[in-house]
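**Q** Now for the letters of each chain:
Protein chains: 2
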Amino acid sequence: VKRKSLENERCTVARGLDVVGDWWTLLIVRDALAGVTRFNDFQRSLGAAKNILSSRLKSLVEQGLFEIRPAKDGGPYQEYVLTEKGKALVPVLVALSQWSSDYVFSRREIPSAPVDRRKRRPLNRISLRASDGRRLRNEDVEFLSGLHRPE
Amino acid sequence: VKRKSLENERCTVARGLDVVGDWWTLLIVRDALAGVTRFNDFQRSLGAAKNILSSRLKSLVEQGLFEIRPAKDGGPYQEYVLTEKGKALVPVLVALSQWSSDYVFSRREIPSAPVDRRKRRPLNRISLRASDGRRLRNEDVEFLSGLHRPE
Chain L
1 VKRKSLENER CTVARGLDVV GDWWTLLIVR DALAGVTRFN DFQRSLGAAK NILSSRLKSL
61 VEQGLFEIRP AKDGGPYQEY VLTEKGKALV PVLVALSQWS SDYVFSRREI PSAPVDRRKR
121 RPLNRISLRA SDGRRLRNED VEFLSGLHRP E
Chain X
1 VKRKSLENER CTVARGLDVV GDWWTLLIVR DALAGVTRFN DFQRSLGAAK NILSSRLKSL
61 VEQGLFEIRP AKDGGPYQEY VLTEKGKALV PVLVALSQWS SDYVFSRREI PSAPVDRRKR
121 RPLNRISLRA SDGRRLRNED VEFLSGLHRP E
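Going line by line, the protein sequences match chains L and X.
With this note's numbering, letter number 32 in the first sequence gets 32, and the count goes up by one each step, no holes.
With this note's numbering, letter number 78 in the second sequence gets 78, and the count goes up by one each step, no holes.
FYI, nobody ran anything at the bench for these hints, they're computed from the structure.
Treat the hints loosely; a few may be bogus.
Pairs involving identical chains hold if they fit within one copy or between any two copies, as the list cannot separate such chains.
[Unchecked claim] Simulated crosslink set (EDC-like; lysine to aspartate or glutamate; CA at most 16 Å straight-line):
(1) Lys87 / Glu67
(2) Lys58 / Glu79
(3) Lys85 / Glu67
(4) Lys50 / Asp140
(5) Lys85 / Asp18
(6) Lys58 / Asp22
(7) Lys87 / Glu142
(8) Lys85 / Glu62
(9) Lys119 / Asp132
(10) Lys50 / Asp18
(11) Lys119 / Glu142
For clarity, every value in this text was computed on a predicted model and none was experimentally measured.
Turn these sequences into a full structure, and let the hints steer you where they fit.
**A** Structure (structure tokens):
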């Protein structure tokens, strides 16, 4: 399926999805945040075919989410390292993880979620706040659809 | 590309992506949060082909993110309405929108972002907190890769 390009969308949600709107991207970022740097380790972790992983990583480098560096230990392998732009996806992954814990897992399952590095406990629920600090419920947030798009 | 199923993953990020890990899903949710309920309006907003939109909406209903209701005005059109599970994606969309505003838009562009319904201003930056309330930087959050997966 050829997808519509969202590159020129004014909507931040749409334009964000144009970069990270697929399954692979955010899982690769998750692994990188977990310390994975080498192609073979991404591959083992994700169970992805080499050609697919290779093209995803290439595109993530082009998008500026990863950069390629020579191995720290002087070895022959390149390392894929998250840039600031890539690391800044942490809140997106945390929000997704909290939603998934709440709505996708059954009560009998034990979800694995990101933790606070110091105490090793799951994070507090993300709370949304207005610019004046008021706490917002989900229904207090207003989104614009593509129909509201200014021409 | 046949994708690996993430349905049985213990990782909340992976399992969440199994449900919302594509471009269409979150854009359809964005439009629904913006008040869109009818097939034709989703179609106009997203510029999607009818058959694709139709299969995406069907899958979102199966996943429990949307439910189908008769039109409120008694008209002939069905309405697609977000469930609690669907509405609970608001923080994911806000996090994505903030990342996109920061890293995907150039300074000359005017991003369109979700606003606080009362004041109609963009939200405060999402802040991550530990379970004891400590504010966390992105690097204070620890993720597990697929390599750490218990068998």
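**Q** Does each hint fit the structure? Answer for all of them.
**A** Hint by hint, here is what the structure shows:
1. Lys87 / Glu67: within (12 Å within a copy, 35 Å between copies)
2. Lys58 / Glu79: within (13 Å within a copy, 41 Å between copies)
3. Lys85 / Glu67: within (11 Å within a copy, 36 Å between copies)
4. Lys50 / Asp140: Neither: 44 Å inside a copy, 31 Å across copies.
5. Lys85 / Asp18: Result: close within a single copy only, 14 Å intra versus 23 Å inter.
6. Lys58 / Asp22: Within. Shortest intra-copy distance 15 Å satisfies the 16 Å Cα cut-off; inter-copy 19 Å does not.
7. Lys87 / Glu142: between (27 Å within a copy, 12 Å between copies)
8. Lys85 / Glu62: Answer is within: at 12 Å inside a copy they meet the 16 Å cutoff, but 34 Å across does not.
9. Lys119 / Asp132: Classified as between: cross-chain Cα gap 9 Å, same-chain 30 Å, threshold 16 Å.
10. Lys50 / Asp18: neither (23 Å within a copy, 20 Å between copies)
11. Lys119 / Glu142: Answer is between: at 10 Å across copies they meet the 16 Å cutoff, but 35 Å inside does not.
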